Structures are given as C-alpha cells and as structure tokens.
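Asks: Taken in order, these protein sequences are the chains called Y and L.
When the count follows our numbering, it moves up by one through the first sequence with no breaks and lands on 396 for the last residue.
When the count follows our numbering, it moves up by one through the second sequence with no breaks and lands on 396 for the last residue.
None of these hints come from the bench; they were simulated from the model.
Small disclaimer: the values here were computed from a predicted structure and weren't measured.
For glycine and all other residues, C-beta sits at the position ideal for the given N, C-alpha and C.
Check before you lean on any hint, since a few could be wrong.
[Said to hold, decoys possible] Beyond 10 Å from chain Y on every Cβ pair, some chain L residues (computed):
| hint | residue |
| --- | --- |
| 1 | Ser119 |
| 2 | Tyr177 |
| 3 | Phe251 |
[As the list claims (entries may be wrong)] Computed footprint of chain L on chain Y, listed as stretches where at least three residues anywhere in the stretch have a Cβ under 8 Å from a Cβ of chain L:
| hint | stretch |
| --- | --- |
| 4 | 68 to 74 |
| 5 | 257 to 265 |
| 6 | 272 to 278 |
| 7 | 354 to 367 |
[What the hints assert, rightly or not] Taking beta-carbon pairs under 10 Å as the criterion, some of the chain Y residues facing chain L (in silico):
| hint | residue |
| --- | --- |
| 8 | Val203 |
| 9 | Phe269 |
| 10 | Glu387 |
Single-letter residue listing:
2 protein chains.
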Amino acid sequence: MSTEAKNSVGGPVDGSVGIVTPQSLHFDERVQFKSGDTLENFDVVYETYGTLNTAHTNAILICHALSGDHHSAGYHSKNDKHPGWWDNLIGPGKPVDTNRFFVVCSNNLGGFQGSTGPSSTNPSTGQPYGPDFPMVTVEDWVTIQSMVSDRLEINIWAAVIGGSLGGMQAMQWGIDYPNRIKHCCVIASTPKLSAQNIAFNDVARQAIRTDNEFYDGRYYEKDTVPSRGLRVARMLGHITYLSDDLMAEKFGRTLRDKKAIDFDYNPEFEIESYLRYQGDRFARSFDANTYLLMTKALDYYDPAEAHGGNLGRALASAHADFLVVSFSSDWRFTVERSREIVKAIHDNNLNVTYAEIEASQGHDAFLLEIPAYLDVFYAYMDRVYNELETLKEDLS
Amino acid sequence: MSTEAKNSVGGPVDGSVGIVTPQSLHFDERVQFKSGDTLENFDVVYETYGTLNTAHTNAILICHALSGDHHSAGYHSKNDKHPGWWDNLIGPGKPVDTNRFFVVCSNNLGGFQGSTGPSSTNPSTGQPYGPDFPMVTVEDWVTIQSMVSDRLEINIWAAVIGGSLGGMQAMQWGIDYPNRIKHCCVIASTPKLSAQNIAFNDVARQAIRTDNEFYDGRYYEKDTVPSRGLRVARMLGHITYLSDDLMAEKFGRTLRDKKAIDFDYNPEFEIESYLRYQGDRFARSFDANTYLLMTKALDYYDPAEAHGGNLGRALASAHADFLVVSFSSDWRFTVERSREIVKAIHDNNLNVTYAEIEASQGHDAFLLEIPAYLDVFYAYMDRVYNELETLKEDLS
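Hey, can you work out the whole structure from these sequences and the hints?
Replies: Structure below.
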C-alpha cells in the first residue's frame, strides 16, 4: 500500500477525508442480545475512510461513545460546518492515517442516525419501537460489529479503537474476538462505571423519563419529544465531561453580557448560558430513547463481574497488543480506572502502551487536539502500520 | 454560669436538648435587600437551646445551609424520629454545649418553615408571593439575623457558626458586624462558588423551572408542586454532597434486591434506589421556590468581588477569631477553598484555627459525627467558653 493512496470518499482536503457518504447494511438474521431479547431485520449505517488493501489487513474499526455515531471524520456536504466527531484523530496524515488505513465506523444499534433503534419502525406493529426496542449492551454492539466485519470481508482488524463508551467496545473486542483484532486502543475509558457514574446517569434518565412529554417512551406517536428532560440530562452530562479547572479557566464567575447581577433567573453567569445552549442544542437533535439506552449500556458494562470481579481473568482470552490512554483531569473516568485496565493486561503478560496525558479538559480531552495525546497516537499507529508493512515483506 | 444549668427547652435527655418549640418574631419595618427589592411585615422563626446568662455574653448563632432550617437540635415531639440537623454538634455535653451556651438558630427569609418566604401570603395580593418574593442574599440574611439579635438583646455573639451556605453567613457576620462577633466558625464552606458549583445549581434550577407543574413559580395557586423537577434537583444535589469514595464503599455496583440485572428502567443498582428515595422524600417536603432562592444566594456570594477579587481586603473589617474546618473528600467545597479563607484571615493578622479533617463522607461530613471533627470543635468551643469565664472573673 502506498502512502500516496487516495482515500475512497473524497480525497485529502486540508488534512480531512473530505465529503463522506454514509452506507448501510441490512441484516435479515435474528440476533439474540445479552438481555435475552431478540431483533431481526435491522440496518447498520456506517462510514469508511481510506482504501482497503488487497489483503484486507489494513482495516481499523472506530467505536463511538454516548452521543457519537458513525460519522467520525470528514464532512457530509460542502456546507457542513462541523466535521465528524473524531476528525482530530482520523484523516490523511493524522494519527489514524487514512492514507495508510481503511477506517470503518458504524452506528450502534439503538441509535437514531440510520442504524435500527427505538425511533425505527417496528415491523410487527407499524409504529416506532420506542420502549419495545431491546436493551442493548456493549457486548451486543461488539457482536453486531463482528457481523459488519464479516460483510465487509474484514477478518482481522489491524486495530479497534474507541474512547469512553467506545473504549469499552474496543476492550470487549479484545475479549470476545481475540483472533480478529491485532491492536486494541482503549481511550479515556473504564472497566466499569462507579456508583457515582451510575448516579449521574440515573439522574439524567429520571429527568427524561419524568418529562411530561416522554409518554413512557412513545412520544413519537404523540408527535412530541421530552426536550426539557433531555436538555437537563445533557446539561448535567456536560458538567461531567469538563474538568472543574477548565470550567474555572474558561468561564469562572464571568457574567453573561452584563456588568452587574440582575437578580433574576435568566443566565447571570456565562457558565449558565453555555450549559443551557448546549442542552437546548442537544435536545433538538438527539433522540431521548437512544440516550436512555446508551446510558444503560454504560451502567451494565462490567466484564470482570462474571470472573468474581477479577478484570485480569476477564481479559484471559485476549492476546492483542493494547494502547491505553487516560487524561489527568478526567474525573468521569479517572486515570485510576485506566490503570486498572493496564494492570489486568499486565496480569495476562500482554503488551500494553499506557499514557497518562496531562490535560486540563477533563473527559472531553479524548476528542480534542492535544499535542501530547496525538503524539502518542501517531507513534502507536506508526507501529501498527509498520507491522503491516513487515508482514507484507514477509509474505512477498 | 454553672455547667449544671438546665437548658430552657426541655432539659438534657441522652445528650439531646430534648423537646424544643420554635418561636417567632414579627418585624414591621421595611428592609431593603441587596437586589434593591424591599420587604416589610415579615416573620422570622427561630429556636433556642440553653440559657442566656445575665450578661448576655454566652450566645451562639447557628446559620443554616441550603436545605436546613431553624431546627438545628433536639426534637419537636416525643414521637419525632429525627433530631434537628446539627444535633451531633449541639446539646448538653456536645461541642456546642447547651449547658454553657445559649444557642440561637433562625430560619432564613425565603424559607417555608415559618420565616416569610415565597409560600407566605403577600399582603398586597392575598396570594402567595411565589416568584414575587425578593431574591435574598447571604448579606441580607446576616442583616435579618442582626435584627433578630437586637430583639433577643444579644449585642455580641460569643460565636457565629455555620457550615456550607451557613459558613458564608458566619463569614459575612465577621465582615459586616466585627463588633458583634467574637468567634467566627466557617465549616465546609467557600468564599465563592466555582463555575462547576454554579453549573450544578443551574441544572437543578432548570429541572425545577421547566417542570410542567412549576407555572412560573405560581404552583401554589394551581394546588400542585413541581415535584419531578425538585426530585431531579435533589438527586443531583445529593451526588455532590457525597464523595465518590463513599458512594463506592456504601453502594458500589451492588444490585437492588436481586441477583441479576433485569434490563429495564426500574432501579438495577442500590445507588439508583437510594437516590430516587432521597429525591422523592425531598420533593414531598421542600418548597421549590425556596430551593431556587437558596441556590441563587449560593451563586451570588462573593465578598471579594467588590475588592477586585481580593478576599483579604474583603475581610479587612473583621477582627473576630476564626475557626475554619474543611474535609478531605469534600469535592463540592474543596479544602483549597477553605485554605483561601485561611489565607485571607492571615493577611489581616487575625487568629485562625484551621483543621483539614480526613473524612470519606464528602461535603456531608460537616453534619456527621466524625470524632476528629468533633474533637476540634470541642477544643475550640472550650476556648470560647474559657474566654467568657475569664471575662466574668475580670468583671467580678
């Protein structure tokens, strides 16, 4: 594979993969989820960037987090203002270099952006699934991603990469499909949620589920959305994604477009205005049932649980090489959580590269252009690529 | 004063002040608040424990926090299951020893437990004030407390003591009435809220204010309450009162009365059940408009702001001795915030006793029976008492 290869979806433009078009796969088969529920006849929407080599060895799977989707890099149109959510990481000349790798990112089941989810029509009723959509777990998503891999004729991923909830999926790939993954990159993640993490999730869920417009999840049929609950949920979530220090630095106690306090309930401080804006934007664009499902998948994930709480034993099947990255100011999934993952990998005598990045941005840091973080990723992905090249020479 | 003196409200029973009866003061005068709004004709409800000595020198003022009130110690009836909110600290033989001191605790204006607040009848309309109740600040509460002091003929407080939002009031007493306060005890408090603190408060307020039953604060007239919003606000608040470690230790990922996950939206984990219970209980008993006012008073407090951000200069008028206490696991008002207060006191060459208590309970620690914390309080209040005794000898 030449480093001059063009990616398949628009060509490198200013370090971007350019304009990308989502694709979709339909599955007729019946899948049973961890909950025991089943689903048949479903779609998975995905995007690809870069070119799959003839040996099908240069494929990278990107797993998305709570509010992410399949659109991880590039733009959907010329007028698209924002690129995909991990555009800092993925593109020509970027750490996940689309001149070298064929990158795949699919939207998890339960989403609302094209993959079948609560807002999709339930063929047995002709109405949206709503609350009848199965509770999907990290393990289920990995199963579905393995089915996507089969369809794309990718037998082995050069790497599976994910941040936060996506990092859980990457880790589960290492556990469930040890022969299909060479490198496992677990970024800003955790082997399980803490009680505090679950607590925040449940407050968010209660805000949504007690919204008058929620209608037990059947709001589609009422032609409404529980936007007030979703707004509060997102405002709360947003606090946990940022660090205390970053908020202090970025907002502090700066007043909102005024010189003195007004003593009313309009935003007095910038931070209030910022959070309400974020909440409003999210409530207009995100599906509440998807949000509920994603937070539940986070809560449920605990691979060590079936092994008496021993994460090392949970990872006994794995034999990928690992990259684990944590961020100093991330108080949602702290560096200690990543160290637990590193310890469990060590317990199995597997290779692991671990980086604790000094960054003030909190959990959100994993999405941002932080030089020390990108440097680690460049170096690691160079190694992944060099292994592919060595393999090619060995074969030739 | 004899240490055998009985307190005035029931006598020492098992270290308790016993049965107490709230009292009330009516004020006819017009008071102007920091916001510019005024109020006339209002009531302040309060409780007292112990006996005021003839020289009126042994009085202690207790200032309450967000969800507190005037009932800081003892019981309201024989069947009362829970004592006042600071019963661990106040009582015969306790750190704030009611055999030695005359303890006063009044309910802040804006409350709903007897002091005039949004749920009280506005004489000019015959309806509850609701959103027309003035926005009250820490400084306003201190003004009102000084009026209560006058009525009770207490010219000088031996100590003003408060935790959290109550600590802000104690500090403001030190600033506004330096000649009326000998000791100022600021517990688990902060000189101002951080952006993150304000953010959490605003999420809570938005949950309440966007509840369909809020009716712009005029829910009394609709014979309803915004209980769903208040429930979410309290659930969220509760997370910030507990430490991550304590939640992990107390709840972890323990399931709620079951052996396996149910994959539904009922509480799966103990922590969900606990928080929802706390939220439900609070929503049944607390007034939403009071909650809004209290969180705004927290947001607004920033004595340094008028002094270019210099807290030392804000405290220039003070000449009390100070006790400052913080708790290691308090992430709402961290030890660093208390150290800022200590520094500002040092800057003014005032006496300060500072204790950072190792405790896992988070912000809530200030309400709990933690031996190292109570020891500090015993020692400090001994000093306060011994000064009174010395003074008495000097006078005799």
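Asks: Each hint should be assessed against the structure and marked as holding or not.
Replies: These are the hints, each one checked on the structure:
1. Ser119: holds, 17 Å
2. Tyr177: Holds: least Cβ distance 23 Å, greater than 10 Å.
3. Phe251: Check fails; 4 Å does not lie beyond 10 Å.
4. 68 to 74: Check failed, 0 qualifying residues.
5. 257 to 265: Contact hint for the stretch 257 to 265 of chain Y vs chain L: holds, 4 residues under 8 Å.
6. 272 to 278: holds (count 3)
7. 354 to 367: Coverage by chain L is violated for the stretch 354 to 367 of chain Y (0 residues, Cβ < 8 Å).
8. Val203: For valine 203(Y), the interface hint holds, since the closest Cβ of chain L sits about 5 Å away, which is under 10 Å.
9. Phe269: Where the cut-off is 10 Å and the nearest Cβ of chain L is about 5 Å from phenylalanine 269(Y), the hint holds.
10. Glu387: violated, 37 Å
The structure fails hints 3, 4, 7, 10 (numbered hints given earlier, in ascending order).
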